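So the sequence shown is numbered by numbering that gives the first Met the number 0: it starts at 0 and just counts up by one.
Keep in mind the hints are simulated off the structure, nothing from the lab. Being a predicted model, the structure only gives us computed values, none of them experimental. For glycine and all other residues, C-beta sits at the position ideal for the given N, C-alpha and C. A couple of the hints might just be wrong.
Label-pair restraints from in silico Cβ distances [what the hints assert, rightly or not]:
(1) Ala197 - Ser91: 21 to 31 Å
(2) Gly148 - Pro61: 44 to 54 Å
(3) Ser91 - Pro185: 39 to 49 Å
Straight line, CA to CA, 20 Å or less: simulated DMTMM-like cross-link-like pairs of lysine to aspartate or glutamate [claimed, not checked]:
(4) Lys165 - Glu200
(5) Lys188 - Glu174
(6) Lys169 - Glu123
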Amino acid sequence: MADPSSEKSIIALGSWLNTPAGRYVRAWEQARLDALTADIFGFNAVQIGLPQIAALNASRMPNRWLSNTHVPQQTALPITLLHDFTELPFASQSMDLVVLPHVLEFAQESHQILREVERVLIPEGQVIISGFNPASLWGMRQVVGRLSGAHFLPQNGEFISLPRLKDWLKLLNMEVNRGHFGCYAPPCKTERWLQHFAFMEKAGDRWWPYFGAVYIVQAIKRVRGMHLIGPAWSKKAAQAGNRVPVANKINRKQNG
């Protein structure tokens, strides 16, 4: 069963994404995810959690799922799987792409989730992870908020630094392919002040690129001693386990 506190935290983050600062983060991440996923080819892709971000919106894979701990009010994907994130309902080496939007920093068992991601990915499969950067103004604001009680983000989230995340991925034989930082404006709560600091987006990307409030990391699952001659994709759709309830299933053709 999913931990109640972590589930409440990720739900709180979903609500926070409707605030001015949340929309600022969501717009940047959506644009970056669209650019990344459009160039990743295969047959099976899954987004784990946070349906407020349509991480697979631009993906051209024929089989796409959203996995979540509860039924979302709305989602851009036709199929939603309900399950504990520490037990992914897919066969080993069946997924070409897994996207984790802010899931690890609000989970009690982040390492187990990553182990499950490694298990279900095919060799050379890819994972995309987004998170809040502790080495940023937003990260410092979160620390101050915990001391003062005036939280800017959901209070139970634990920001994971990029070097730390890279170490976790390396232990699982996942090679970081690329990373992106964004959202350089200070942690403002109003649309007016966020627009006032809009100039920092281009300046930050050029002059202090590692201090953006959020990051997106793309990694590839490597298998030692394996040499791919042709595409390693399976045309067979990944099957979910019988123990997982399926909601919002719509029989319709998906755009490739």
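Here is how each hint holds up against the structure:
About 45 Å separates the C-beta atoms of Ala197 and Ser91, a value inconsistent with the hinted range of 21 to 31 Å. In this structure the supplied range 44 to 54 Å holds for Gly148 paired with Pro61, their Cβ-Cβ distance being about 48 Å. A hinted range of 39 to 49 Å holds for the C-beta pair Ser91 and Pro185, which are about 44 Å apart. A hinted pair counts as satisfied when its Cα atoms are at most 20 Å apart, and Lys165 with Glu200 does not qualify at roughly 25 Å.
Restraint check: the Cα-Cα separation between Lys188 and Glu174 comes to about 36 Å, which exceeds 20 Å; the hinted pair is violated. Taking the CA atoms of Lys169 and Glu123, the gap is about 14 Å. The hint holds against a cut of 20 Å.
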